[in-house]
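So the sequences go chain by chain: L and A.
For what it's worth, my numbering labels the leading residue of the first sequence as 1, then goes sequentially.
For what it's worth, my numbering labels the leading residue of the second sequence as 350, then goes sequentially.
Any given hint could turn out to be false.
[Unchecked claim] Straight-line alpha carbon distances no greater than 30 Å define the calculated BS3-like cross-link-like pairs of lysine-lysine that follow:
1. A:LYS423 - L:LYS120
2. L:LYS264 - L:LYS254
3. A:LYS469 - L:LYS271
4. A:LYS423 - L:LYS190
5. L:LYS254 - A:LYS423
6. A:LYS603 - L:LYS190
[To be verified] Reference excerpt, derived from the structure (chain L facing chain A, CB under 7 Å, subset only):
7. ALA44
8. GLN151
9. ALA222
10. ASN236
11. THR241
12. PHE308
[Claimed, not checked] Pair ranges (Cβ atoms, derived):
13. L:GLU175 - A:ASP537: 23 to 33 Å
14. A:GLN402 - L:LEU268: 44 to 54 Å
15. A:LYS596 - L:ARG272: 45 to 55 Å
16. A:GLU524 - L:GLY185: 28 to 38 Å
To be clear, the hints were calculated from the coordinates, so they are not data collected in a lab.
The beta carbon of each residue, even a glycine, is placed where N, CA and C say it ideally should be.
Residue-level listing of the chains:
Number of protein chains: 2
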Amino acid sequence: MSDSIVISLDAMGGDNAPEMVVRGAAIAQVRLPHIRFLMVGDEAQLAPLLAEQPNLAAVTTMRHTEDVVSSSEKPSVALRSGRNSSMRLAINAVADGEAASVVSAGNTGALMAIAKFVLKMLPGIDRPAITSFYPTRSGESCMLDLGANLQCDANNLVQFAVMGEVFARTALGIETPTIGLLNVGVEDQKGHEEIREAAAILRGADLPGEFVGFIEGDDIAAGSVDVVVTDGFTGNVALKTAEGMIKLYAGFLKDAFGSSLVAKTGYLLAKREIENLRKRTDPRRYNGAMLLGLNGIVVKSHGGTDDFGFASAIEVAADLVSNEFLDMIATDFDLLDGNEASANKAAVS
Amino acid sequence: MSDSIVISLDAMGGDNAPEMVVRGAAIAQVRLPHIRFLMVGDEAQLAPLLAEQPNLAAVTTMRHTEDVVSSSEKPSVALRSGRNSSMRLAINAVADGEAASVVSAGNTGALMAIAKFVLKMLPGIDRPAITSFYPTRSGESCMLDLGANLQCDANNLVQFAVMGEVFARTALGIETPTIGLLNVGVEDQKGHEEIREAAAILRGADLPGEFVGFIEGDDIAAGSVDVVVTDGFTGNVALKTAEGMIKLYAGFLKDAFGSSLVAKTGYLLAKREIENLRKRTDPRRYNGAMLLGLNGIVVKSHGGTDDFGFASAIEVAADLVSNEFLDMIATDFDLLDGNEASANKAAVS
Numbered sequence: 001m002s003d004s005i006v007i008s009l010d011a012m013g014g015d016n017a018p019e020m021v022v023r024g025a026a027i028a029q030v031r032l033p034h035i036r037f038l039m040v041g042d043e044a045q046l047a048p049l050l051a052e053q054p055n056l057a058a059v060t061t062m063r064h065t066e067d068v069v070s071s072s073e074k075p076s077v078a079l080r081s082g083r084n085s086s087m088r089l090a091i092n093a094v095a096d097g098e099a100a101s102v103v104s105a106g107n108t109g110a111l112m113a114i115a116k117f118v119l120k121m122l123p124g125i126d127r128p129a130i131t132s133f134y135p136t137r138s139g140e141s142c143m144l145d146l147g148a149n150l151q152c153d154a155n156n157l158v159q160f161a162v163m164g165e166v167f168a169r170t171a172l173g174i175e176t177p178t179i180g181l182l183n184v185g186v187e188d189q190k191g192h193e194e195i196r197e198a199a200a201i202l203r204g205a206d207l208p209g210e211f212v213g214f215i216e217g218d219d220i221a222a223g224s225v226d227v228v229v230t231d232g233f234t235g236n237v238a239l240k241t242a243e244g245m246i247k248l249y250a251g252f253l254k255d256a257f258g259s260s261l262v263a264k265t266g267y268l269l270a271k272r273e274i275e276n277l278r279k280r281t282d283p284r285r286y287n288g289a290m291l292l293g294l295n296g297i298v299v300k301s302h303g304g305t306d307d308f309g310f311a312s313a314i315e316v317a318a319d320l321v322s323n324e325f326l327d328m329i330a331t332d333f334d335l336l337d338g339n340e341a342s343a344n345k346a347a348v349s
Numbered sequence: 350m351s352d353s354i355v356i357s358l359d360a361m362g363g364d365n366a367p368e369m370v371v372r373g374a375a376i377a378q379v380r381l382p383h384i385r386f387l388m389v390g391d392e393a394q395l396a397p398l399l400a401e402q403p404n405l406a407a408v409t410t411m412r413h414t415e416d417v418v419s420s421s422e423k424p425s426v427a428l429r430s431g432r433n434s435s436m437r438l439a440i441n442a443v444a445d446g447e448a449a450s451v452v453s454a455g456n457t458g459a460l461m462a463i464a465k466f467v468l469k470m471l472p473g474i475d476r477p478a479i480t481s482f483y484p485t486r487s488g489e490s491c492m493l494d495l496g497a498n499l500q501c502d503a504n505n506l507v508q509f510a511v512m513g514e515v516f517a518r519t520a521l522g523i524e525t526p527t528i529g530l531l532n533v534g535v536e537d538q539k540g541h542e543e544i545r546e547a548a549a550i551l552r553g554a555d556l557p558g559e560f561v562g563f564i565e566g567d568d569i570a571a572g573s574v575d576v577v578v579t580d581g582f583t584g585n586v587a588l589k590t591a592e593g594m595i596k597l598y599a600g601f602l603k604d605a606f607g608s609s610l611v612a613k614t615g616y617l618l619a620k621r622e623i624e625n626l627r628k629r630t631d632p633r634r635y636n637g638a639m640l641l642g643l644n645g646i647v648v649k650s651h652g653g654t655d656d657f658g659f660a661s662a663i664e665v666a667a668d669l670v671s672n673e674f675l676d677m678i679a680t681d682f683d684l685l686d687g688n689e690a691s692a693n694k695a696a697v698s
């Protein structure tokens, strides 16, 4: 048991906590028998839930606290006054070396602020970014930033590209990930200055991944690249737009099949395949956004997720630990021309 | 015939021009018998195409030119050296009062630059914006800017909101359109400064439409508002992301139905409904982006569109003329506190 991986869980974060945290951990544990858990939260609520999951209870340590960061709390307030919150203590466990990574479905802004304060940034990285993977026509890709940084300069985008490339290698298992900068056109002169400058730096960098240049919005779903790099405003809007389109299309499809008896019969015959399609695009499968750039592995689960979705987030955290994500980021930053890109703007020209 | 509407067509713009322009006009003419056309382009190519469409030929005037703005031409070059291009002459016809609007499937940047130079801006509007409408869960909505202005300040966004609201009333026939500012969250403190400032101005403006505040990416497809307002970078990415998702889902669906004999039988039974779904989300139905803010009605067709799509673009142009789009914009700008919003930043506080 001594070389098993410990994952710290903010047991009180998320709309359906703590039930979905405990039940999600139980699902993940079946698939990941080498994982141990540190669950931080209200023992009075956690103990009876754990009693229902004896296998999970056997590999879980509880840490009691009654404080919780609420979903509406401002990040600065959560940072100052939430020192005994389940979120803070779960992150502390990573900083103290007790756990290899932390998963929380709590307030994103607070998680970002506390994690940045407690864990600090990796050398050479100015700002954390949020990434996640999603299904495409050709497999799976990841996109970043999904909302941590609303306005980004060229060096932020370059750093996101490097972090995303390492994420694609460690979490998606892609040996030589392709990287694209999200833009309004593929030609060199398209886009604003920051993005053109970032492209110039990335063209000159010798990364294990392959920078393919600019891509457009429809390349996201097409899976034209493994890593989509963009600022947090655009990335957040694009991700939610895509989720909205899946819901729209599923609704249209339901209307189409419900519209006549013949169509309903057709649906019954094709039901298994339609169910498979639903599973393939199930957002719960893609739950588990990673806060990249921190000196520690922090995975954010969607706040409204259920047991199944929380289990997916735990699996992402476990994958990143097993594949030595943090070491690989450090190595790749050295390839950015001795890490001078962020210090030396002359590299652009 | 004297009070019929004349629409000027850049007959040489677009991948499939001039064939799709002539055939698209023929389709549109059946639905819009009160329209006359001015077709600008190479007579040697146009005459035989028109000969195939005698009904169309009867309401069409040709204007010969051999010059064409290529799809890769820089806007500044097209503006300087394209004075006899089909695009320029088609726009000139609107400025000269010969035509009520112009439709082109040519180079977007060139169209924008030439139209701005020839037609000028409407009073009170600093920059043109591109808008288009699209299918949603609850009907149809429009979004702007779709790529004319990559970086926008608060006043640009406010002007887009007013123009979009008028577009929704004239092109979509919505009496009191709802307007939302695209953001990364709905709470007041979310987003960057420009967008929060724009929200403050719009909350204080007394428009015929209803400003509902911030919306998120998934509200686009849900149709939560009639008018989605955003900067051109985000709007362009969101639109193309949505288009990409429709393709992805359609592809997944095809896979699902092709996967077994039983599923194929189900498809055959539901075929009509699936075809209806395809039609409902057919991007050709939603072809025809409008360049808003100009002192003239300019409709941009997708460059790669076919006959059917070009006909849709002509219909958009006809609707805007019939519903007196330009007059209504002027009226609504007066409601923005005597049009001081763009001149007087104090209005923000």
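Per-residue hint verdict: PHE308 (chain L), partner chain A, C-beta under 7 Å: With Cβ-Cβ at 20 Å, over 7 Å, it is violated.
Chain A contact restraint on ALA222 (chain L) - CB to CB distance below 7 Å: OK, holds: ALA222 (chain L) within 7 Å of chain A, min 6 Å.
Assessment of proposed distance window 23 to 33 Å (beta carbons of GLU175 (chain L), ASP537 (chain A)): violated (45 Å)
Cut-off 7 Å, beta-carbon criterion: hint that THR241 (chain L) touches chain A: Where the cut-off is 7 Å and the nearest Cβ of chain A is about 4 Å from THR241 (chain L), the hint holds.
Satisfaction of the ASN236 (chain L) interface hint, Cβ to chain A closer than 7 Å: holds (4 Å)
GLU524 (chain A) paired with GLY185 (chain L), Cβ distance criterion 28 to 38 Å: The hint (28 to 38 Å, Cβ to Cβ) holds, given that GLU524 (chain A) and GLY185 (chain L) are roughly 37 Å apart.
Restraint check for LYS264 (chain L) with LYS254 (chain L), where alpha carbons must lie at most 30 Å apart: holds (10 Å)
Consistency of beta-carbon spacing, LEU268 (chain L) to GLN402 (chain A), with hint 44 to 54 Å: holds (47 Å)
Proposed proximity, LYS271 (chain L) with LYS469 (chain A) (alpha carbon, max 30 Å): This hinted pair is violated, its Cα atoms lying about 56 Å apart.
CB-CB spacing for ARG272 (chain L) and LYS596 (chain A) relative to the 45 to 55 Å hint: violated (24 Å)
Hint consistency between LYS423 (chain A) and LYS120 (chain L) [alpha-carbon to alpha-carbon, up to 30 Å]: Measuring from Cα to Cα gives roughly 46 Å; hence the hint is violated.
Pair hint outcome, LYS254 (chain L) versus LYS423 (chain A) [Cα-Cα no greater than 30 Å]: Violated, at about 46 Å.
Figure legend: structure checked against the earlier numbered hints; hints not met, in rising order: 1, 3, 5, 6, 7, 12, 13 and 15.
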